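Count the sequence shown with mature numbering (1 follows the signal peptide of the UniProt record, and there is no 0) and you get residues -27 to -1, 1 to 627, in order.
To be clear, the hints were calculated from the coordinates, so they are not data collected in a lab. Note that this is a predicted model, so its numbers are computed, not measured. Errors might be hidden in some of the hints.
Claimed, not checked - Each computed DSS-like pair below joins lysine-lysine, with the alpha-carbon atoms no more than 25 Å apart:
#  : residue 1 : residue 2
1  : Lys9      : Lys343
2  : Lys248    : Lys284
3  : Lys9      : Lys42
4  : Lys343    : Lys419
5  : Lys248    : Lys187
6  : Lys284    : Lys343
7  : Lys248    : Lys230
8  : Lys419    : Lys344
9  : Lys230    : Lys141
10 : Lys141    : Lys79
11 : Lys141    : Lys344
12 : Lys87     : Lys248
13 : Lys419    : Lys42
Unchecked claim - What follows is a list of derived Cβ distance ranges for each label pair:
#  : residue 1 : residue 2 : range
14 : Asn219    : Tyr401    : 19 to 29 Å
15 : Lys230    : Glu7      : 48 to 58 Å
16 : Ala305    : Pro167    : 37 to 47 Å
17 : Asp182    : Glu244    : 17 to 27 Å
Note that beta-carbon positions come from the ideal geometry of N, C-alpha and C, so glycine has one too.
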Amino acid sequence: MYRREMGAVAVYHLIAFAAVFPLGALADGVSPSEAKQLRDEVREMFYHAFDGYMHHAFPLDELRPLTCKGEDTLGGYALTLIDSLDTLALLGDRERFSAAVEWVGKNVWFDIDKTVSVFETTIRVLGGLLSAHLIASDYATHFMSFLNVSALKFLVAAANSQNVKGMKIQSYDDQLLHLAVDLATRLLPAFDTPTGIPFGSVNLVHGVDENESKITSTAGGGTLTLEFGVLSRLTNNPIYEHVTKNAVRGIWARRSKINLVGAHINVFTGEWTQKDAGIGTSIDSFYEYLLKAYLLFGDEEYLFMFQEAYKAAMHYLHHDPWYVEVNMNSAATVWPLFNSLQAFWPGLQVLAGDIDPAVRTHAAFLSVWKKYGFTPEGFNLATLNVQSGQKGYPLRPELMESTYWLFKATRDPRYLDAGRDFVTSLQYGSRCPCGYCHIADVESHKQDDHMESFFLAETVKYLWLLFDLAVGPDNIVENGPYKYIFSTEGHLLPATPEISLVSEHCSYFGAFCKGDGMHKCHPMDTSFDRQETNDTQFHGDWDPSIRHTKVQNSFSSSGFIKGHCPGLTHGQKFGKLYVENDENTYEHKSMDYPQKRSVVFISNPTARQIMDADQDNTSNIQEMNQNSERVAYLTDSKEAETFSEEMQQVDDTS
């Protein structure tokens, strides 16, 4: 547990709020039949909003759900449809998914004289195109709803039949991938800066305007790696991944001496123009993509940065169970505010395997929702009231996202109760004639005539996944052949062999530990020989696998890292890779001492092969690895057989 200091006043208010809104309230209990009803209700919510958009706004970007009109908000290329594509696939709606993919492929183009947000265009449009492309083009998605291995033979034989329940489109010819390449190429001029950190906006025809602001947010510059990285791996063109990784390096190189980053930075000078550090507005998804880029691509440099950034955030920003904003250099509290974007954090902690603080923080955030029926954009922890000027709720998904991940990790029914509360609030407070409205004021529940595309891409998606998981999952995420990473816009990015360099990196499991909710993943207390670990040093005070183990007996404490890791380069270890020393940089202790990582190694090659093939062979692995060092206990529940192995069995019997 990290030590932290707080002012007496701040401590008093936080304790008072916890007393007024208890964090450990007992769940009312959602029965299996009610969970199914809620899943079906969420499905109806999606189609109420989607049909409202298609009937009244399409092909404009977004819907005005009160007046049943459309508006162009980003670029004028049917934003809501593109953002909704993989949700249609997730719901198993083959007919509408196929029709939507065909329409987008034939009718969307980006040769338009409009200046767009690099961040929003990347996560909503580029991410939507890539996710839909991967689903529409992948033969494996024919099996998104198989019940058992024995059913595979029939499905393979019927793969070209229209009766097969799957999302692969036989006539699809990479149209969405071509669009993604065109769009990403038009965004590339934004990265032409001295720091490598991109401008916030770019014109899709003319590039960056000469009067474009040189100030961008940390999230805006550091939340592009998943989409651009996937595109590079699909096209074998490294430029997209290179520029976005370079942007992350540019931000990380300018972190403070205590490993915090500010909210806004000058992309030319590298100077921080807003030095408030936090996990919410303007910074949030920077943390998210550090971990997820490692999970998806296996690039250890992202893991190294995430662990340093996460440790600093937990030490300086975390005032259990809340998070505050502090000065990035001094760590002095500057803003005791909960803002709604912080609600993604417990979900990220689940992926990192740090369950206990995620449970407590989620409960705190949920108490704000229960107080108002929605989460305001800002809630002041000092006054225990909605922050002036931040009273709205624009249908944000972050709290639903974290609820889904916590239920996935723990199977605690309280998260189904939370999901039911979300559905009730949205149905009674936000539903309007043609869709779902923003809430202008969470105290009066006054509606606003706007519906962001992310309501369909994320909010209802996470709610549907939550209840589908409770019923017995029947979707590509839970039953499909790949592990999936969700982008910050909720788009499905599969860890296919083409995208994830499995043979070249440690396999990080986090919430991917398989089990029935009663099993736990425990790494052993282990020491390592320096030669075995490529001189890598390890965090003794932070390992996402072994901290916070006393949650509940039914919780699945998930999160460990396995595999043989090649280690960081000298420059990466010593923080010298990112920028040359000049007047804009500072001396940091990481320049003199290797950065530490928390990675568990399996040094025996045979043991590694067995670990990769069968993750339940713990005893055999321990026996073969006894001459080096023992590594880890795995979950007692066997990992599902890989899709390739199942396909091989089918081929052998056919």
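Comparing the hints with the structure gives:
1. Lys9 to Lys343: Holds, because 23 Å separates the two Cα atoms, which is no more than 25 Å.
2. Lys248 to Lys284: Between Lys248 and Lys284 the Cα gap is close to 19 Å, so the pair holds against 25 Å.
3. Lys9 to Lys42: violated, 33 Å
4. Lys343 to Lys419: With Cα atoms ~17 Å apart, Lys343 and Lys419 stay inside 25 Å; holds.
5. Lys248 to Lys187: holds, 16 Å
6. Lys284 to Lys343: Outside the cut-off at roughly 30 Å; violated.
7. Lys248 to Lys230: Distance ~13 Å between Lys248 and Lys230 Cα, so the pair holds.
8. Lys419 to Lys344: holds, 16 Å
9. Lys230 to Lys141: violated, 49 Å
10. Lys141 to Lys79: Roughly 18 Å separates the two Cα atoms, so the pair holds.
11. Lys141 to Lys344: violated, 44 Å
12. Lys87 to Lys248: violated, 31 Å
13. Lys419 to Lys42: With Cα atoms ~19 Å apart, Lys419 and Lys42 stay inside 25 Å; holds.
14. Asn219 to Tyr401: 19 to 29 Å: violated, 47 Å
15. Lys230 to Glu7: 48 to 58 Å: holds, 52 Å
16. Ala305 to Pro167: 37 to 47 Å: violated, 30 Å
17. Asp182 to Glu244: 17 to 27 Å: With Cβ atoms ~22 Å apart, the hint holds.
In the structure shown, a violation is registered for the earlier hints numbered 3, 6, 9, 11, 12, 14, 16, in ascending order.
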